[in-house]
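Peer 1: Letter by letter, the chains look like this.
There are 2 protein chains.
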Amino acid sequence: MSELRKDIISGRWVIIASERSKRPDDFRPAREPVKEPAPGFCPFCEGNESKTPPEIASLRKRGTRPDHPGWRVRTVPNKFPALNRGLPPERHDEGLFQWMDGVGVHEVVIETPDHSQELPDLPIGHLGEVLGMYKARVISIEEEYQYKYVHVFKNKGREAGASLSHPHSQIVATPIIPKKINEELYGCERLHRQFGECVVCRIIREETQKKERLVHRNDHFCVITPFAPRFPFEMRVYPLRHSPWYSKITKTEIRSLAKTIKRTLGKLRDTLSDPPYNFYIHQAPNPNLPHEAWANLEESCHWHMEIIPVLTRVAGFEWGTGFYINPVAPETAAGFLRSR
Amino acid sequence: MSELRKDIISGRWVIIASERSKRPDDFRPAREPVKEPAPGFCPFCEGNESKTPPEIASLRKRGTRPDHPGWRVRTVPNKFPALNRGLPPERHDEGLFQWMDGVGVHEVVIETPDHSQELPDLPIGHLGEVLGMYKARVISIEEEYQYKYVHVFKNKGREAGASLSHPHSQIVATPIIPKKINEELYGCERLHRQFGECVVCRIIREETQKKERLVHRNDHFCVITPFAPRFPFEMRVYPLRHSPWYSKITKTEIRSLAKTIKRTLGKLRDTLSDPPYNFYIHQAPNPNLPHEAWANLEESCHWHMEIIPVLTRVAGFEWGTGFYINPVAPETAAGFLRSR
Chain Y
1 MSELRKDIIS
11 GRWVIIASER
21 SKRPDDFRPA
31 REPVKEPAPG
41 FCPFCEGNES
51 KTPPEIASLR
61 KRGTRPDHPG
71 WRVRTVPNKF
81 PALNRGLPPE
91 RHDEGLFQWM
101 DGVGVHEVVI
111 ETPDHSQELP
121 DLPIGHLGEV
131 LGMYKARVIS
141 IEEEYQYKYV
151 HVFKNKGREA
161 GASLSHPHSQ
171 IVATPIIPKK
181 INEELYGCER
191 LHRQFGECVV
201 CRIIREETQK
211 KERLVHRNDH
221 FCVITPFAPR
231 FPFEMRVYPL
241 RHSPWYSKIT
251 KTEIRSLAKT
261 IKRTLGKLRD
271 TLSDPPYNFY
281 IHQAPNPNLP
291 HEAWANLEES
301 CHWHMEIIPV
311 LTRVAGFEWG
321 TGFYINPVAP
331 ETAAGFLRSR
Chain F
1 MSELRKDIIS
11 GRWVIIASER
21 SKRPDDFRPA
31 REPVKEPAPG
41 FCPFCEGNES
51 KTPPEIASLR
61 KRGTRPDHPG
71 WRVRTVPNKF
81 PALNRGLPPE
91 RHDEGLFQWM
101 DGVGVHEVVI
111 ETPDHSQELP
121 DLPIGHLGEV
131 LGMYKARVIS
141 IEEEYQYKYV
151 HVFKNKGREA
161 GASLSHPHSQ
171 IVATPIIPKK
181 INEELYGCER
191 LHRQFGECVV
201 CRIIREETQK
211 KERLVHRNDH
221 FCVITPFAPR
231 FPFEMRVYPL
241 RHSPWYSKIT
251 KTEIRSLAKT
261 IKRTLGKLRD
271 TLSDPPYNFY
281 IHQAPNPNLP
291 HEAWANLEES
301 CHWHMEIIPV
311 LTRVAGFEWG
321 TGFYINPVAP
331 ETAAGFLRSR
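Residue numbers (this note's numbering), protein chains in the order written: chain Y, 1 to 340; chain F, 1 to 340.
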């Protein structure tokens, strides 16, 4: 019999239907092969800097010029932005209809000049520079208070929504705190009142003790498969130190996170035959905003990363209900990843 | 500049980023070709009735026997159910973890014995029988009060999550009212208090007057593209008569809905080159349950169908935030569908 499980923070139920699944091993051949477009011209490759909008920030060799070769990590505005920089937008409200101008930020972090070098291929130092770039961009964007929430994410592979195959991440800042973030913040506040401590700190403590859903841990981070995951092999990367904002990550933690990500994404690639995936950071809203809405945001919110391999399809059941059917129990997924 | 729009019922914001899109026409060649598996043995085809679990209900020629040829519409249990019938499940609650047995219903409605006959190919009478089967199954399942919500949906095409290509829909009943339904019910109640009438009745009135997002209307139904759609060419089919439950649909309305669906899905197929799609019904929870949680469920909830063509991919931005980036404005989509 399958099992219904509740995610304690969001209140979302999932159906763990292991009988519908094959063994985890079978996800490998079952998945459709990734068909990346034929390698042609790539605007993100070294030497093609003039084909992107002018760079916003880069980590590059001493003496090289912006928008010229010599960079290791490079941030540019998205050429087809979902949101555009601007003044705080006016909110229109006419009966049934509410809208505002699409004010925000949409940037691309090109992770490496080398088209074929994926995140787990990067040396720890270089991967740390990518993570440091995220931090620098978040801090810079949050200086403007109209950008209420900064979302850092990566789509890898066409099936995961990437339109270009050159390794890159994206940063979108929105003039509204997103629904999912609000739900998480309120859930964490409620549970902080209930438990008298940060719920994520408690999850980390219990999961690293129990170990059945623990994939990996080092001095500063742990990787677990959550109790009620939406997707097979969904993972959370939690910093062991409580902190609501990614921007407060230390140099030591960045190095440790780079090691954690290299290992985790490498394992995903090796054991599940290089699946497409998404990852994103969940954190507290712009710290430069007044946070009256949350009584104890600093104590209750714990930033983290979520990694979602694309192995199944979301369909009419999920779209209609918000329930998810997951054919692989997180204990099975964690055990599988630990054993390889 | 793009526009942020709020769905008044769910509170979900979407980004209408028309500049990111090509013209609606371009969705045709842009979409990857649907690769259905090579036609082989199909357990849903006429003559193969013994390959499914025994049928629960069917509409068939007089004198033919259950689980034998002669049927037009046939409902069977899902062979790999996400949930299984059983007694009301016990809810376990241990600190961080809440779970229960996967008790529920999972049925498959085989819409036609003919493998190649899609919904828009069916005669109105036959399509009405499919819709009548939905109604009969919902009524039957709702007799058992542990099935709190009955979800009727269809996945068409592999990219929309269909594992078998033979035309079929699914019915899943859950022992919990799904999160999205709860959100919709609370949103509708709140807006009923605010407007003094059902918000969907008001949407229907305003949209059929304005016409910019109206795709079609007849005596009993209208089809609109919602003001804040998550996906390009997302549509809502609303009954003009206020009713919270699909099970209260009349014979006349079923015939009218069959015509509406034939026309709408036919247009989708013809103008967007046969895209994969999902549709589902949203309605009030099992009417045989006490509904103390909602003060005025009957007045505020208005059942309807939602149709989602699969033309874009959901990625790290959407998964992380709950925001959606939609490259086609609903006014453009409705105009396009009206003009063909």
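It cannot be assumed that every hint is accurate.
Restricting the straight-line Cα-Cα distance to at most 30 Å, the calculated cross-link-like pairs of lysine-lysine (DSSO-like) are [unchecked claim]: (1) F/Lys148 <-> Y/Lys179; (2) Y/Lys211 <-> Y/Lys251; (3) Y/Lys179 <-> F/Lys180; (4) Y/Lys180 <-> F/Lys179; (5) F/Lys248 <-> Y/Lys179; (6) Y/Lys180 <-> F/Lys180; (7) Y/Lys148 <-> F/Lys148; (8) F/Lys148 <-> Y/Lys180.
Simulated from the structure, these hints should not be mistaken for lab results.
Peer 1: Hints broken by the structure, by number, lowest first?
Peer 2: 5 and 7
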